[in-house]
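Each protein sequence line maps, in turn, to chains X and Y. Going by my numbering, 100 is the number at position 100 of the first sequence; the sequence numbering is gapless. Going by my numbering, 110 is the number at position 110 of the second sequence; the sequence numbering is gapless.
All clues stand as given, with none of them false.
Mimicking BS3-like on lysine-lysine, the simulated pairs with C-alpha atoms at most 27 Å apart in a straight line are:
1. X/LYS16 <-> Y/LYS94
2. Y/LYS186 <-> Y/LYS94
3. Y/LYS28 <-> X/LYS68
4. Y/LYS102 <-> X/LYS16
5. Y/LYS94 <-> X/LYS68
6. Y/LYS102 <-> Y/LYS28
7. Y/LYS94 <-> Y/LYS28
8. Y/LYS188 <-> Y/LYS97
9. Y/LYS28 <-> Y/LYS186
10. Y/LYS99 <-> X/LYS16
11. Y/LYS102 <-> Y/LYS186
12. X/LYS68 <-> X/LYS16
13. Y/LYS28 <-> X/LYS16
14. Y/LYS99 <-> Y/LYS188
15. Y/LYS102 <-> X/LYS68
16. Y/LYS99 <-> Y/LYS28
17. Y/LYS188 <-> X/LYS68
18. Y/LYS99 <-> Y/LYS186
19. Y/LYS99 <-> X/LYS68
20. Y/LYS188 <-> Y/LYS94
21. Y/LYS97 <-> X/LYS68
22. Y/LYS28 <-> Y/LYS188
23. X/LYS16 <-> Y/LYS97
24. Y/LYS97 <-> Y/LYS186
25. Y/LYS188 <-> Y/LYS102
26. Y/LYS97 <-> Y/LYS28
27. X/LYS38 <-> Y/LYS141
28. X/LYS16 <-> Y/LYS188
Because the hints were derived from the structure by calculation, they are not lab data.
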Amino acid sequence: MSEHAHADEHFAGTNKLFISIWVWLVVLTLIEIFLAYKPMPIHLMLIVLLGLSIIKAALIVAYFMHLKFERLSLILTIIPALVVCIMLLSVFFPDSFRSAGLRYKFQEQPPVAPAPLEEP
Amino acid sequence: MSTEARAATFPAVDWEGGTLPYRVGHRKLGMWLFIVSDSLTFSALLFGYSYLRASNVWPTPFPFWPSIVFSSVMTFCLLSSSLTMVFGVSASSKGDKAKARKWILATIFFGVAFIVLHLIEWNHLLHEGLRPFYLPEHWVKVFTTTDGVPPSPLFGATFFAITGLHMFHVATGAVYLAVVAARVNKLKHEDVEISGLYWHFVDLVWMFVFPLIYIMSVDVGHHTGL
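Take these sequences, add in the hints, and give me the full structure.
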């Protein structure tokens with residue numbers, strides 16, 4: 001085997017780097033647990049939690065899964081298509097909000113039988 | 001003229017991608033493609049859960065003890081297992097197979113700890129009376145809105161489906177790693193790295209399941225019905 005092939009097997013990143021990534025992941029998780037007990041609107045909570053999760057996922061993919069050290073062509077093949085596909089799933093939400101609106105309206109004004117017409 | 005010889009005359013030859021355009025072996029590329037498809041499976045499940053949650057009155061029943069404490073320790077186990085896995089892959093890249101095996105076995109230990117804790121946590125909820133299509137009676141009382149709209153009985157279905165599928169991935173990952181640990185001397189470094197990719201992916205999925213399923217459903221005491 002050539003020296004070149006051996007160099008390709010090198011797994012970039014030191015143990016010190018991996019430990020610091022692990023510390024970051026644990027700290028971000030603790031922030032999430034702390035936020036769980038902070039009263040805030042559910043939309044804001046969702047945005048903050050998803051933001052933290054995306055940061056954590058990016059750290060795992062980049063360093064633990066080593067994608068940061070791979071060729072750019074691999075990153076560009078995998079990540080954008082996946083992100084677009086996941087974003088497209090949001091298309092269902094208008095329907096979700098619509099059915100919630102229908103249900104509450106129905107509960108506020110329960111259907112009643114029409115009053116019998118009075119005979120003169 | 002052989003295919004290889006003809007290929008050298010193609011205009012695309014100057015792109016320098018050679019026969020390994022991604023500079024990874026076909027098995028590693030295959031694992032990446034599997035991870036992409038599995039990400040979409042979990043995304044679809046989490047979107048389905050969010051759809052139901054947004055269109056229903058949703059219970060937020062998880063107490064600090066045991067649910068949040070257990071799920072937090074489980075998260076810690078998975079994060080630590082990823083660290084031991086990356087140490088294993090790093091050792092394997094330096095050709096230290098014995099050390100790689102040791103770290104992979106530590107990874108399996110954390111994975112099994114995750115599964116055991118998760119099953120205990122499931123058991124708590126089953127004892128409370130949670131089922132895939134039924135809520136415990138006292139949850140229905142507590143989380144019914146002032147307008148009289150009851151909470152969705154699909155809480156259990158989404159909870160058990162998503163955490164169950166994730167637990168299945170952890171279990172298969174533990175078996176996969178056990179095979180890799182047993183055969184580590186015969187395997188190439190890239191094969192060890194591929195098993196690491198799968199394991200980190202299982203950890204990554206939990207980074208979304210934990211906040212969306214557990215943190216978003218913490219019982220903070222104000223039962224507004226939303």
